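Asks: One letter stands for each residue in the lines below.
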Amino acid sequence: MDMRMKGETLITLTNAGVKSGGRVLVEGVDLSIARGEIVTLIGPNGSGKSTTAKMATGVLKPSTGTVTRKAGLKIGYVPQKLSIDWTLPLTVERLMTLTGHFSRPEIESALAAVGAGRLLHAAVQELSGGEFQRVLFARAMIRKPDLLVLDEPVQGVDFSGEVALYELVRQIRDTTQAGILMISHDLHVVMAETDTVICLNGHVCCRGTPAAVKRSPEYLALFGARAADTLAIYEHHHDHEHHDDGCLVGKHGEHEHPHGHVHHDHSEHDHAR
Amino acid sequence: MLGDFFSRALVAGVGLAAVTGPLGCFVVWRRMAYFGDTMAHSALLGVAISILLSINMTLGVFAVAALVAGALLLLQRQNTLSTDALLGILSHSSLAVGLVLVGFLTQVRIDLMGFLFGDILAVSMEDIYIIYGGGIAILAILALNWRPLLAATVSPELAEAEGLKPEVSRILLMLLMASVIAIAMKLVGVLLITSLLIIPAATARRLSATPEFMALVAAVLGAASVVAGLYGSLTWDTASGPSIVVAALLIFLVSLTVPTARLFGRRESHGA
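So the sequence lines, in the order shown, correspond to chains A and B.
For the first sequence, the residue numbers in our numbering are 1 to 273.
For the second sequence, the residue numbers in our numbering are 274 to 545.
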């Protein structure tokens, strides 16, 4: 662990937004990710989480605002879903070198680090959901990325698998000091390790520590009061203290949300702007 | 040895199969079979245009196939008709327009059957130079771009996030397909070209554990189909192009009986 680099800012989005075909996908996003920091984007479907992540990775160019990346920023990406057709024969070993060349010992140690060492010769089509996620983590980590982007990392993984994957994310952060950007629509699961939760709905609704966001009026308005109870935050036994300082309300967050709409009816939430 | 027509056919066919095998793997992986068919059907239009404008036929066919692929890409972005319907429109209308144009070319005699089904026994030394020159170029481009091409095939999103250019890979593959169609048309004809891309690759899948090995096996199986098909056509006096496709089909059917289902993708059961 190179503590010297801790705190170095990897990426900064300033008032960034994307328009597509006259429609605003997301706007006014301010966020920055430093080494060793975990930032989680939450929000309903279509709220601009993926768009924001794509601006961060450089797949999408912002139509407004700016995105600044550290020169030579190396990104490791764990996609939301990756369905590999049966027609493409791919072993775990071959998948590990998909976007770059790595030696056999490097591959073996990357797989061992996620507890998937014995899967080296397995065909990717035969892995279980949890195994495949672990392999995808290892594949992203073997690049020794500065920034790890995880799109819905626990989708299709059962509960114990979820806990294990979050433990893995924490380990990766601790040992590599990579910055981590996570996307989740699954509001029940936000890691306690997350430094900043950014709640999106076309714009930044609210942000702060998981505990603070859970209580913020914008969060409750967006997801309903019951969501606060279901926003379970995975705690680990550690000495990390959560500040309960207030949720920093985003620029556009001035109570534009129709309060008291049906709980969990996210997709119907029409955020007319 | 290259003196007689049969040897020339063998050499040309094996050279072509060495290219269609690996490229065909991408066609199978990316589910571009019908797309390849559409490009191949447009080759006849390329022939007619080449004769009308008196330009080199290989170049003309390449240009038209590439244009049809480009037109398809643009139409796909309109998001109106499904890709399936667009392919159906482009595939058959380009074939029909080609046939109509050929009908107007009264001053030249065109061996229509030769273009539709190929005439591998009429291959000249010049054709062999084109096949091997073009084939080596195509294989070299494939080999040099193998990693980005494969990454873009597995997941364009992932490739792009990690700094590759999947859109470039996509265009590159289309241009390579247009090239293969241009050099293959004379040998197996516009109606049978895609079979040499797809059947050996599909056969190779069951015998391979990695993409690279599958590409190699597809090339070898394609070459075997050419040799078997040509000897078959000599023995039973059948049409050469279709005989090669029938040989490829027979090899595919035989491969289905080989019990390889659990041969690959093994896990180490010992230890944890």
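Heads up, some of the hints might be wrong.
Computed Cβ-Cβ distance ranges for the label pairs, DEER-style [said to hold, decoys possible]:
(1) B:Ile-362 x A:Lys-81: 26 to 34 Å
(2) B:Arg-350 x A:Gln-125: 55 to 63 Å
(3) A:Gln-125 x B:Ser-327: 25 to 33 Å
(4) A:Lys-61 x B:Thr-511: 53 to 61 Å
To give an idea of the interface, some chain B residues facing chain A are shown, with a C-beta separation under 10 Å as derived from the structure [as the list claims (entries may be wrong)]:
(5) Arg-382
(6) Leu-431
(7) Phe-486
(8) Tyr-504
(9) Leu-507
(10) Asp-510
Keep in mind the hints are simulated off the structure, nothing from the lab.
What you are looking at is a predicted structure, and each value in this text was computed from that prediction instead of being measured.
Using N, Cα and C, we set each Cβ at its ideal position, and we do this for glycine too.
Asks: Please verify that hint: Tyr-504 (chain B), Cβ, nearest Cβ of chain A, below 10 Å or not.
Replies: 30 Å, violated
Asks: Do the Cβ positions of Arg-350 (chain B) and Gln-125 (chain A) conform to the proposed distance bound of 55 to 63 Å?
Replies: Given a distance of about 31 Å, which is not inside 55 to 63 Å, the answer is violated.
Asks: Let's test the interface hint: is any C-beta of chain A closer than 10 Å to that of Arg-382 (chain B)?
Replies: The hint is violated - Arg-382 (chain B) has no Cβ within 10 Å of chain A, the shortest such distance being about 43 Å.
Asks: Could you check if Phe-486 (chain B) really has its C-beta closer than 10 Å to a C-beta on chain A?
Replies: 7 Å, holds
Asks: Return the status of the interface hint for Leu-431 (chain B): holds when the least beta-carbon distance to chain A is below 10 Å, violated otherwise.
Replies: Holds: closest Cβ of chain A sits about 5 Å from Leu-431 (chain B), inside 10 Å.
Asks: Given the range 53 to 61 Å, decide if the beta-carbon distance of Lys-61 (chain A) to Thr-511 (chain B) lies inside it.
Replies: The hint (53 to 61 Å, Cβ to Cβ) holds, given that Lys-61 (chain A) and Thr-511 (chain B) are roughly 57 Å apart.
Asks: Going by Cβ atoms only, is Leu-507 (chain B) closer than 10 Å to chain A?
Replies: 34 Å, violated
Asks: Within 25 to 33 Å or not, the Cβ separation of Gln-125 (chain A) and Ser-327 (chain B)?
Replies: 52 Å, violated
Asks: Hint says 26 to 34 Å; check whether the CB-CB distance for Ile-362 (chain B) and Lys-81 (chain A) agrees.
Replies: Hint holds: Cβ distance 32 Å, inside 26 to 34 Å.
Asks: Quick check on Asp-510 (chain B) please, does its C-beta sit within 10 Å of some C-beta on chain A?
Replies: 36 Å, violated
Checked against the numbered hints given earlier, the structure breaks hints 2, 3, 5, 8, 9 and 10 and satisfies all the rest.
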